[in-house]
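Colleague: Spelled out from the first residue to the last, the chains are:
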Amino acid sequence: MSAYTVHQGQLPGLFRLWAKLYKVHVPVQTAPGFYDFAPWEPDTEIAWDYDLTVNPLKRHLLPPREDLVVFDTRTYEARGVFQAPQQLLFGVHPYDLRAIAQLDQLMELGSPDRNYRRRRENTVIFALDPLRVAPDAFWSTLGAGRADIGFDLYWTKIGPAMFFVEVGTARGEELLLAAGEVERAGAAQHEAARRTREDTRRRADGHGLKFPWQELPRVMAKAWDAGIWREKSSMCLACGSCNLVCPTCYCFDMREELDESLGKGRRWRQWDACMLPAFAQVAGGHNFRGKHLDRYRHRYFRKGKYIFDLIGEPGCVGCGRCIKACTARIANPLAVFNRLWEEYA
Amino acid sequence: MTPGKEFTPYAPRPATLVRKVRLSDFVTLFEFEQDDGRPLAHKPGQFIQVSVYGVGEAPFSISSRPKAGTNSFEIAVRNIGTVTNALHDLAVGAKVGIRGPFGSCFPVQEFVGKDTLFVAGGLGYIPLRSLLRYQLRHREEFGRILLLIGTRSPSERIFVDEIEALSRRSDVEVMETVDCVGDACWEGNVGVITTLLPKVRLDVENTYVAMVGPPVMYRFVIGACVGDQCIPPDRIYVSLERKMKCGIGKCGHCQINGISACVSGPVFRYTDIEPLKEAL
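Heads up: the sequence lines are chains A and B, in that order. Each step along the first sequence adds one to the number in the numbering used here, with nothing skipped, and position 337 is 337. Each step along the second sequence adds one to the number in the numbering used here, with nothing skipped, and position 141 is 141.
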């Protein structure tokens, strides 16, 4: 894999160039201690050392609301709508890369989701190694501290004004070299990048699962009747915040509306949440997951077992966003998984 | 045929309502024809998504048998939600949008040469009707056909004429019961559908069960089936209702534990869902 060394001074030129081709999104600080991805502007200050963004990146690949179909109410002709802007996501941490790689697989599984696929094809991803670890994060022990696929370039900050940039795709390399020559990385920079990653990993490893993540589905399989489901869900407000901030939650609802002439209309999908009470309710009122407990348990089984059974890794990447977002302080995959391990291993 | 670049599984195709038959106070049979002239090409047990634009889309089991050379098909619908009410308001000649057929089907070939016990609770006759009519069309390929129907009350019975015609046939055995009579005129069996089971004698080694009903029915009938008459559970097929939305296993609404009912179902072999805690 080829690698380059990029100096801080080269960045403004590169970003200006990329912004001509793509809508570029970068991590920024929105309030002290809070970060999010925002569109890049020439005066944007990139939060190189962000620990975690409030929102995951799924909104750029599976938007909160996305038109799927436009239709005519007289002829009943309908056709698909595809919105797939050229976009570049800069500064994606490996656990979020892992989440995107999961979405890629799940959206392709069986009948492919063409809206997702087109959006994904037009998305360039530049990964960035984390320098700080969020207090609730446990991605390292879930094997999501490093991603080997799913990026066009992988950036590691190896000095106050220097980056080690590993090439993932030809498209990424072209974009890196688009503004002129870039220095090839030497052994020293390779070593510096390795040390930076090692340092982050050491800190990240201190907090996390008490068992190998590969054991998760085996433990979950025994835990259907675990007491923790009742214990935690009895305080659940069914607000869906955990679903909202989860980088791997992708359930959606289908809605539609007519225009003012009532002759044409559009159908879209919008994020839905399995923690909301009516998620599995059918016409007539029967609810297949009517209790808080049913819904709370379902979410953890999806993360710990169902997704695992489909793609071979947990549907949780350990970002810790749901832990931070939960107003009732019950969403906590780390606490749940560790407790189940103690009880059922 | 490889789908074109603009293909999307989310875009419905137009179909036209050609016939409406009132089956009860709440249930109506709808016959549609696909505007493109093509057959729906479904298999017994599969479902479609039907759209009334401006209101929404809802899943329905196909009630007619697969028919080559025709673009028509039937569903039967209870008016209980927004889409179903809008369907009931449609006049013949109105259009709807169709997606599908989706999902699994009854394994018709497996049933060949065997007896079939149909167990229809409530509106369960509607999805079973596709398989039943297929078997009647190819009557000589199948063994005994037994049909057990359980309805809440006499006024809620559906396909009354059709079922009476079936019960007059010598090659179909029909038994019906209602949970409670109320003030209707009813001289048939009274009691839940499980009370019919002791009255049928089955060749258990040679019988398949196709069963559709409300969630509560499955547990009792399967208990009785397995217990007294001992039909091997791998020969029991059920169709499960869930809130299918996308139809292609993405949206998450119809999940039963780790599987999507819209892709792995709605028709399941009982032994395949027995380990799933959320199935029955």
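Keep in mind the hints are simulated off the structure, nothing from the lab. There may be inaccurate statements among the hints.
Claimed, not checked - Subject to a maximum C-alpha distance of 25 Å in a straight line, what follows is the list of computed DMTMM-like cross-link-like pairs (lysine to aspartate or glutamate): (1) B:199 to B:156; (2) A:222 to B:272; (3) B:114 to B:173; (4) A:291 to B:274; (5) B:5 to A:108; (6) A:264 to B:183; (7) B:5 to A:256; (8) B:277 to A:313; (9) B:5 to B:36; (10) B:5 to B:31; (11) A:222 to A:294; (12) B:277 to A:256; (13) A:20 to A:51; (14) B:114 to B:272; (15) A:222 to A:199; (16) A:264 to B:36; (17) B:277 to A:43; (18) B:277 to A:231.
Since this is a predicted model, take the numbers as computed values, not measurements.
Colleague: Compare the structure with each hint and give your call.
Modeller: Do the hints match the structure? See the list:
1. A distance of roughly 23 Å separates the Cα atoms of residue 199 of chain B and residue 156 of chain B; the hinted pair therefore holds under the 25 Å criterion.
2. As the CA atoms of residue 222 of chain A and residue 272 of chain B are separated by approximately 19 Å, the hinted pair is consistent with the 25 Å bound.
3. Restraint check for residue 114 of chain B and residue 173 of chain B: satisfied, since their Cα atoms lie roughly 15 Å apart, inside the 25 Å limit.
4. For the given pair, residue 291 of chain A sits about 22 Å from residue 274 of chain B by alpha-carbon distance, which is consistent with the 25 Å threshold.
5. For a cut-off of 25 Å, the pair hint linking residue 5 of chain B to residue 108 of chain A stands: about 16 Å separates their Cα positions.
6. Between residue 264 of chain A and residue 183 of chain B the CA atoms are separated by roughly 48 Å; this puts the pair beyond 25 Å, and the hint is violated.
7. Under the criterion of a C-alpha separation no larger than 25 Å, the hint pairing residue 5 of chain B with residue 256 of chain A is consistent with the structure, at around 24 Å.
8. Distance hint between residue 277 of chain B and residue 313 of chain A is fulfilled; the C-alpha atoms sit about 22 Å from each other, no more than 25 Å.
9. This hinted pair checks out: residue 5 of chain B and residue 36 of chain B have alpha carbons roughly 20 Å apart, not beyond 25 Å.
10. About 32 Å separates the Cα atoms of residue 5 of chain B and residue 31 of chain B, which puts this hinted pair outside 25 Å; it is violated.
11. For the given pair, residue 222 of chain A sits about 16 Å from residue 294 of chain A by alpha-carbon distance, which is consistent with the 25 Å threshold.
12. This hinted pair does not check out: residue 277 of chain B and residue 256 of chain A have alpha carbons roughly 33 Å apart, beyond 25 Å.
13. Distance restraint check for residue 20 of chain A and residue 51 of chain A: the Cα-Cα separation of roughly 28 Å exceeds the 25 Å cut-off, and the hinted pair is therefore not satisfied.
14. Proposed proximity of residue 114 of chain B and residue 272 of chain B is supported: the alpha carbons are some 21 Å apart, at most 25 Å.
15. With a C-alpha separation of about 36 Å, the suggested pair residue 222 of chain A and residue 199 of chain A falls outside the 25 Å cut-off, and the hint is violated.
16. Under the criterion of a C-alpha separation no larger than 25 Å, the hint pairing residue 264 of chain A with residue 36 of chain B is consistent with the structure, at around 21 Å.
17. A C-alpha spacing of about 55 Å is found between residue 277 of chain B and residue 43 of chain A, which places the hinted pair above 25 Å, so the restraint is violated.
18. Pair hint residue 277 of chain B plus residue 231 of chain A holds up; C-alpha atoms about 20 Å apart against a cutoff of 25 Å.
Against the hints set out earlier in the document, violations occur for numbers 6, 10, 12, 13, 15, 17.
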